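Participant: Residue numbers (full-length UniProt numbering), protein chains in the order written: chain L, 1 to 514; chain C, 1 to 532.
Derived by calculation from the structure, the hints in this document are not laboratory data.
Computed from a prediction, not measured in an experiment: that's the story for all the values here.
Glycine included, every Cβ here is placed at the ideal spot set by N, Cα and C.
Please note that a few of the clues may not be correct.
[What the hints assert, rightly or not] Derived DEER-like restraints, expressed as beta-carbon distance ranges:
1. C:Ala126 <-> L:Glu506: 38 to 48 Å
2. L:Lys252 <-> C:Glu383: 48 to 58 Å
3. C:Gly167 <-> L:Arg392: 42 to 52 Å
4. L:Thr488 <-> C:Asp138: 16 to 26 Å
[To be verified] Derived contacts from chain L toward chain C, CB cut-off under 10 Å, selection only:
5. Val47
6. Ser242
7. Tyr245
8. Ala355
9. Phe356
10. Thr357
11. Gly383
12. Phe390
13. Arg392
14. Pro481
15. Val501
[Stated by the list, open to error] Result set (DSSO-like, lysine-lysine): computed pairs, CA atoms no more than 30 Å apart in a straight line:
16. C:Lys213 <-> C:Lys271
17. C:Lys455 <-> C:Lys92
18. C:Lys39 <-> L:Lys360
19. L:Lys134 <-> L:Lys81
20. L:Lys360 <-> C:Lys92
21. C:Lys354 <-> C:Lys436
22. C:Lys436 <-> C:Lys415
23. C:Lys379 <-> C:Lys331
24. C:Lys333 <-> C:Lys529
25. C:Lys196 <-> C:Lys271
26. C:Lys415 <-> L:Lys360
27. C:Lys417 <-> L:Lys361
28. L:Lys254 <-> L:Lys309
29. C:Lys201 <-> C:Lys529
30. L:Lys309 <-> L:Lys347
31. L:Lys309 <-> L:Lys252
32. C:Lys330 <-> C:Lys39
33. L:Lys360 <-> C:Lys271
34. C:Lys415 <-> L:Lys361
35. L:Lys361 <-> C:Lys379
36. C:Lys92 <-> C:Lys436
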Amino acid sequence: MDKQPVPKKELTAQWILLVAVFIIATCGLIYELVAGTLASYLLGDSVTQFSIIIGVYLFAMGIGSYLSRFFNTDLLGWFIKIELLVGMVGGFSAAILFLVFPLAISFQPILYALVGVTGILVGIEIPLLLRILKDKVAFKDLVSKVFTFDYIGALLASLIFPLLLVPYMGLIRTSLFFGILNICVGLYLTRYFYGEIRNVRQIRFSGILLLLAQVLAFILSEKIMSYSETLAFNDKVVYSTSTPYQRIVITKSKRDLRLYLNNNLQFSSVDEYRYHEALVHPAMTAAGNPRHVLVLGGGDGLAVREILKYPSVESVQLVDLDPAMTRLFSSQQILQQINKYSLKNSKVTVSNADAFTWLKKHRQQRFDCVIVDFPDPSGFAIGKLYTTAFYRLLQTVLQPGAAVVIQCTSPYVAPRSFWSINTTLMACGFHTVPYHNYVPSFGEWGYIMALDQDHYQVPDTFAITARYISKPVMEQMLQFPEDMKAHTPLEVNKLNNQALVHYFEEEWGKYLEQ
Amino acid sequence: MQRRDFLKISAGLAGITPLLQACRQERVIPGSIIGASAKTGHLLRDHAFSEPESWEPHQVVIVGGGISGLAAARQLGKAGINDVVLLDLEAKTGGNAACGGNNISGYPWGAHYIPIPNNNLTEYLAFLQEAGVITGYDAAGLPVYNEYHLCSDPEERLYINGQWQDGLVPRFGLSDPERLQLKNFFRYMDAFRQQKGADGKDAFAIPVDASSKDAALTALDQVTMKAWMDDRELTCSYIRWYVDYCTRDDFGTAYDKISAWAGIHYFASRKGRGSNASYHDVLTWEQGNGFLAGQLLQQCRAGVRTGALAVGVRPAEKEIRIAYYDVQQKKLKGLAAQQCILAVPQFVAARLLKDESRLQQVHQYLHYTPWLVANLTVKQLEERSGAPESWDNVIYGSNSLGYVDATHQQLQQRKDKRNLTYYLPLTQSDPDSARKAAYATDHATWTKAILADLKRIHPDIATKTERVDIMLWGHAMAQPLPGIAHGDIRASLGRSLAPGIHFAHTDLAGISIFEEAFYQGLHAAAKVKALL
């Protein structure tokens, strides 16, 4: 063993640099984990995302190590500059990624570029440090110490990230926090090695500037998050809330106001009349002079607005799962202007209940017309509301001659889903009248009217004021071109096969991949 | 070197996190061990009872309120025999089809579903129609099943190779030769399902006694399922696991112990067809087969006495004297019956009859698997990727059978909390030591073991579980070991004793399934009727 006495000041410097290695290693791995987590949040498939990011990061470190040979003078100065750079790139990485995700056509290149740059910078630092310390410490000791601190840092990062950081700070704040840590270390080093570095004032000035920027961003991180949501929706988000049932987002642009439930567009104020007139008026007219109307779903009150145009209507029972929805649409001025205060109308009763269980409990009630406006059958829970069991239950609350209408997703995108609902209704003994129309913000949309007798005739007039529906329009809606037909025999949708959910996943899945 | 370590750390994340979390969670999860009145039951074995003061006369006494006893009682009522008393040791009848419940849903404590019945089981179909399970018959004469009772989709999923797959037959991550073995296995089973013996009977029928006695087929009862599979080179770990899972699930017997005939029966005896269902579909209820037990009870006219431990049955002149201990009143009572049905397991029947040689015989041939069934009340759980939450959720390679979601048949969109029924047949060691070990294990230890098993599929289960109640079945079902289905022991133990003691239990049927219990009851009732 070669034991040489080491001056005290040198010894302290050594330890300071080793602690710096420790912090760099911790921060570096944290940035990598932030990127991996973010990528699996935003892109899905966590196995792929994590393994690519780990690969890119390690490879970039290799590039960094190679590049370190080109640094030949003022090694300490470079070490500090790179420390600050790592702090800047890594610290802002999560915020940048959240912001560009909705904007960028291809998100991955930006993601990998950020991971790559961080990796390269971290990769330069270790060899640089080895060289700074090489004359001060025996080689054997040096390698052992540097790598020990490097790995301990990595372990620390990998433990605190899932256990403390993600749950308590969130991703944007985590990356900013470590950016700030990086920069603080850089600033401390400039102070400690004041005399040994060139351009020290300049470095310190830019370090302080960066520090301020990151502290500011840390404080404003909530705003960054909600701004990124605004970008995702194109328009300004004027209201957003997460209820136990769904995420409700309302956006507003100069042109229109839009409602999204779980990121699916429910209506645009510009063309929703096309959807709601097509949904409501054929059934209301087919029912004769309906007095008692049931609306299932449709907590926005827009279908109810159309129903209230009929003087024959004595009562409207609305059943919507989510109290937050009906509260919103019966209290917000801007939304009530769209539904014409329909939910506040004295004829209207609002019940917040599950449609299936509500029907089971109210089998003694009778209705002349039922409007079924559920979300699309995108999962097994909601799929139950499109089964023979549900339609048979619905039949028990119908007056003779009553009309039912069901929103049935897009027969253009999902013809098999659409026609499978038709098959299901027919299996329950309904006579069906499928039709469709064009709603610009949705595309081609489909509806099926279900009647107890096979007598449907397009009425001569729709005795209400309407912007869209009329006799010729209705006649046209009944025509289905070839590309909206199913062309294969379809299964009846039942509780024990949920055929519709399978069709729907397949058809919309394919459509959204395009 | 740096790279390797780095990767290790990243990968280690997955392993370390739950470990650390486990350290933090010292929370005691409330619940209790419910046990099928083991203490009261064991009085029969350990306590010497004196004679009751008097003998209350009745036409028929049925001892045991499981499915066999209830079916017998119902059948006697249908035959116009109304002076019937049914004794059950438990607070509620139902036997293995017992159930419980809380404000979220009902849940099973034992058997939890029936497959679509075979169409030749006329009496059974009639019962199901009376119970509202069959709503009518279509033009082709096929039963139409109540759609609320057919198991909702998605029915089953298997956690295998790090992912949930649809269905329980292993598929995800299998090589082609392994897939081929599974395919071949099902080809054999399909052939057995169609096969008829030289006597023209179905090779595998329900009840077991309706099956062909063709020697080529009954020879299958001489070997174990594993031996049969080994002979056919069905040896990959996936097919072995799958068959073992099935035989433990239905019969509480590992595939290397069970008779090949009984093992194949599981796959080849179901032939039922309905208007809206077929043999691979199942019928289920929140409370499991507790629903059917409840229906049987409702449809029978017998006087049911629960908390009544029968302690002795002995023929006297022209009558049969049944002594029982009233658990509530702590009093010994007597019944004098013209006819008596012992709808209890044979080890109980032998003790009731105080017949030592009979007891010896039972101990020699019939071995009863202990089971653990737990009901967990859970909040929203973290899910692994792949197939969505299903009715039956099974973990590949686990000793347990996974869990069944008792709320699955509920119709509402949102379920904040659910009851999960966890099944664990204690087949790792011989029944006696497994039973002793099970009774010696406390609630906290069982709960820990259950949560450790389920943690693989729901990492946050320990924090999301609000309550765990545990039922220990000391003698859940008799094992269909080689020689049981086609040996002589069942007939010998099942033969009625003069002047009118009859036996009805699935341990005499060979396998423990609902239909067998039902027909055990029916046949005993028919014997009673013939002698009255």
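Participant: The structure should be examined with respect to each hint, and the outcome stated for every one.
Facilitator: Structure-based check of each hint:
In this structure the hint that alanine 126 of chain C and glutamate 506 of chain L lie 38 to 48 Å apart at CB holds, the actual value being about 41 Å. One distance hint, 48 to 58 Å for the beta-carbon pair lysine 252 of chain L and glutamate 383 of chain C, is violated here, with the actual separation near 35 Å. Taking the beta carbon of each, glycine 167 of chain C and arginine 392 of chain L are about 28 Å apart, not inside 42 to 52 Å as hinted. For the pair threonine 488 of chain L and aspartate 138 of chain C, the supplied restraint of 16 to 26 Å holds, since their beta-carbon distance comes to about 24 Å.
Among the interface hints, the one on valine 47 of chain L holds; its C-beta lies about 9 Å from the nearest C-beta in chain C, closer than the 10 Å criterion. With 10 Å as the threshold, the beta carbon of serine 242 of chain L stays out of range of chain C, its nearest partner Cβ sitting at about 14 Å, so the hint is violated. Given the 10 Å rule on beta carbons, the hint for tyrosine 245 of chain L holds: about 6 Å separates it from the nearest Cβ of chain C. For alanine 355 of chain L, the shortest C-beta to C-beta distance to chain C is roughly 8 Å, which falls under 10 Å, so the interface hint holds.
A least Cβ separation of about 4 Å between phenylalanine 356 of chain L and chain C falls short of the 10 Å threshold, and the interface hint therefore holds. Hint on threonine 357 of chain L holds. Least Cβ distance to chain C is approximately 5 Å, under the 10 Å limit. The criterion of a C-beta within 10 Å of any C-beta in chain C is met by glycine 383 of chain L, whose closest approach is roughly 8 Å, and the hint holds. Hint on phenylalanine 390 of chain L holds. Least Cβ distance to chain C is approximately 8 Å, under the 10 Å limit.
Satisfaction of the interface hint for arginine 392 of chain L is found here, the shortest Cβ-Cβ separation to chain C being roughly 8 Å, below the 10 Å cut-off. Restraint check, proline 481 of chain L versus chain C: the minimum CB separation of about 32 Å is more than 10 Å; hint violated. Interface hint status for valine 501 of chain L: upheld, as the beta-carbon distance to the closest one in chain C is roughly 8 Å, under 10 Å. About 19 Å separates the Cα atoms of lysine 213 of chain C and lysine 271 of chain C, which keeps this hinted pair within 30 Å; it holds.
Pair hint lysine 455 of chain C plus lysine 92 of chain C does not hold up; C-alpha atoms about 33 Å apart against a cutoff of 30 Å. With a C-alpha separation of about 43 Å, the suggested pair lysine 39 of chain C and lysine 360 of chain L falls outside the 30 Å cut-off, and the hint is violated. Between lysine 134 of chain L and lysine 81 of chain L the alpha-carbon distance is near 20 Å, which keeps this suggested pair within the 30 Å criterion. Proposed proximity of lysine 360 of chain L and lysine 92 of chain C is supported: the alpha carbons are some 29 Å apart, at most 30 Å.
Our distance criterion of 30 Å between C-alpha atoms is met by lysine 354 of chain C and lysine 436 of chain C, whose separation comes to about 24 Å. Taken as a hint, the lysine 436 of chain C and lysine 415 of chain C pair is broken in the structure, with Cα atoms around 38 Å apart against an allowance of 30 Å. Taken as a hint, the lysine 379 of chain C and lysine 331 of chain C pair is broken in the structure, with Cα atoms around 44 Å apart against an allowance of 30 Å. With a C-alpha separation of about 26 Å, the suggested pair lysine 333 of chain C and lysine 529 of chain C falls inside the 30 Å cut-off, and the hint holds.
With a C-alpha separation of about 13 Å, the suggested pairing of lysine 196 of chain C with lysine 271 of chain C holds against the 30 Å cut-off. A hinted pair counts as satisfied when its Cα atoms are at most 30 Å apart, and lysine 415 of chain C with lysine 360 of chain L qualifies at roughly 17 Å. With a CA separation close to 21 Å, the supplied pair lysine 417 of chain C and lysine 361 of chain L stays within the 30 Å bound. Taking the CA atoms of lysine 254 of chain L and lysine 309 of chain L, the gap is near 28 Å; set against the 30 Å cutoff, the hint holds.
Between lysine 201 of chain C and lysine 529 of chain C the CA atoms are separated by roughly 28 Å; this keeps the pair inside 30 Å, and the hint holds. Taken as a hint, the lysine 309 of chain L and lysine 347 of chain L pair is honoured in the structure, with Cα atoms around 12 Å apart against an allowance of 30 Å. For the hint linking lysine 309 of chain L to lysine 252 of chain L, the alpha-carbon distance of about 27 Å falls within 30 Å, and the restraint holds. For the hint pairing lysine 330 of chain C with lysine 39 of chain C, the CA-to-CA distance comes to about 14 Å; that is within 30 Å, so the pair holds.
At roughly 34 Å between alpha-carbon atoms, lysine 360 of chain L and lysine 271 of chain C are farther apart than 30 Å, so this suggested pair is violated. With a C-alpha separation of about 18 Å, the suggested pair lysine 415 of chain C and lysine 361 of chain L falls inside the 30 Å cut-off, and the hint holds. Among the hinted pairs, lysine 361 of chain L with lysine 379 of chain C is consistent with the structure: their alpha-carbon atoms are about 26 Å apart, no more than 30 Å. Distance restraint check for lysine 92 of chain C and lysine 436 of chain C: the Cα-Cα separation of roughly 25 Å lies within the 30 Å cut-off, and the hinted pair is therefore satisfied.
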